[in-house]
Amino acid sequence: MAGMTLDRRAQLGEFLRSRRARLSPDELGLAGGGGQRRVPGLRREELALLAGVSVDHYVRLEQGRTLHFSESVLDAVARALRLDPVERAHLYRLARPVPAGRPRERQVVRPGLLRLLRSVGDVPAYVIGRAADVLAWNEVAAALLTDFGAATPGQRNMARLVLLDEGIRRLYEDWPAKVRDVAGYLRLDVARHPDDPRTAALVEELLAASPVFRAAWGEHGLKDKTHGEYVYRHPVVGRLELGFEALRLPDDPDQALVVHTVEEGSPSEAALRLLASSATALRV
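Taking my numbering, the leading residue of the sequence shown gets 38, the next gets one more, and so forth.
Calculated from the structure, these hints are not laboratory results.
Here the structure is a predicted model, which means the values were calculated and not measured.
Accuracy of the hints is not assured; some may be wrong.
[Stated by the list, open to error] Taking lysine to aspartate or glutamate and the DMTMM-like style, the derived pairs with C-alpha atoms no more than 25 Å apart in a straight line are: (1) Lys262 <-> Asp233; (2) Lys260 <-> Glu203; (3) Lys260 <-> Glu99; (4) Lys260 <-> Asp291; (5) Lys262 <-> Asp159; (6) Lys215 <-> Asp202; (7) Lys260 <-> Glu278; (8) Lys215 <-> Asp288; (9) Lys262 <-> Asp44; (10) Lys215 <-> Glu203; (11) Lys262 <-> Asp211; (12) Lys215 <-> Glu241; (13) Lys215 <-> Glu300; (14) Lys260 <-> Asp211; (15) Lys262 <-> Glu176; (16) Lys215 <-> Glu108; (17) Lys262 <-> Asp291; (18) Lys262 <-> Glu282; (19) Lys260 <-> Glu108; (20) Lys262 <-> Asp288; (21) Lys215 <-> Asp233; (22) Lys260 <-> Asp288; (23) Lys215 <-> Glu256; (24) Lys262 <-> Glu203; (25) Lys215 <-> Glu124; (26) Lys260 <-> Asp232; (27) Lys260 <-> Glu300; (28) Lys260 <-> Asp121.
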């Protein structure tokens, strides 16, 4: 899988090249920006000029020859590439030394968060952890997505479900957009935890199993789980337009409580109410 490596130095080079490719020399007012180009976007020399660093310095950064670049250089490159805050943080994670890793402990959801999750009874809610593992869920989330309780711990993974489970694939009205979000989320997770073999193994599994994921991974998109909206086509209650808010734990940013929202008075609210009632009826 050429170009799909998880090596951090290679990821850094691929990320920078992808961001150079989306910039237009003409729009940035660079002289001689027109004419035939072998590759889209800015050349390395043009990016170095915009960033105010030497060409050799930038080339060493893009080739990952060293991971000891100063904040001033990374800031200058981030500004020249017009990186947003998520992309800028990603650049720092890839370009700065990371302390030697320690074995990753099994993630545990604390009792207070479990009680909070269960109190959110009328909308889907779940706790997501590293590598998109679903750590806990309420009944409405299981009714919307899948019966997490009947799955093995390894199957309780949103990335694996979205890519490999046919029922989940049909559930999302815009499944390719969901795949791009999954790829962007896992890219951030790999950079946050370069020492975590489980995340790397998951990405390698999905790259081997799904051409759609390979294409999305190759775009180098980034997607943090913060808030958004998805349209579902549920086999029982029909079409659902649901927003979501992801609330990261201050003392454990590797866990987030994801709570869905619905517009008051909308057809989706009525459908969601029916879904919640069916989940309760099944429990009784």
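Can you confirm whether the C-alpha distance between lysine 215 and aspartate 288 stays at or below 25 Å? With a Cα-Cα distance of about 28 Å, the restraint between lysine 215 and aspartate 288 is violated, given a limit of 25 Å.
With a cut-off of 25 Å on the C-alpha distance, tell me whether lysine 262 and aspartate 44 pass. Holds, at roughly 23 Å.
Tell me if the straight-line CA distance from lysine 262 to glutamate 176 falls inside 25 Å. Holds - the C-alpha atoms of glutamate 176 and lysine 262 are around 22 Å apart, at most 25 Å.
For the pair supplied as a hint, lysine 262 and aspartate 291, is the alpha-carbon distance within the 25 Å limit? Distance of about 11 Å is within 25 Å: holds.
Would the pair lysine 260 and glutamate 278 pass a check requiring their Cα atoms to be no farther apart than 25 Å? Holds - the C-alpha atoms of glutamate 278 and lysine 260 are around 20 Å apart, at most 25 Å.
Would the hint linking lysine 260 and glutamate 99 be met if the CA-CA limit is 25 Å? 22 Å, holds
Between lysine 260 and aspartate 211, does the CA-CA distance stay at or below 25 Å? 16 Å, holds
For the pair supplied as a hint, lysine 262 and aspartate 159, is the alpha-carbon distance within the 25 Å limit? Since the Cα atoms of lysine 262 and aspartate 159 sit roughly 22 Å apart, the hinted pair holds (cutoff 25 Å).
Straight-line alpha-carbon gap lysine 262 to aspartate 288, limit 25 Å: 17 Å, holds
Next pair to validate is lysine 215 with glutamate 108; report whether the Cα-Cα distance is within 25 Å. Cα-Cα ~34 Å, so violated.
Is the Cα-Cα distance between lysine 215 and glutamate 256 25 Å or less? It holds: about 14 Å lies between the C-alpha atoms, which stays within 25 Å.
Given the proposed pairing of lysine 215 with glutamate 203, does the C-alpha separation stay at or below 25 Å? The given pair, whose Cα atoms are some 14 Å apart, holds under the 25 Å limit.
Violation of the numbered hints given earlier is confined to hints 8 and 16; the remaining hints are satisfied by the structure.
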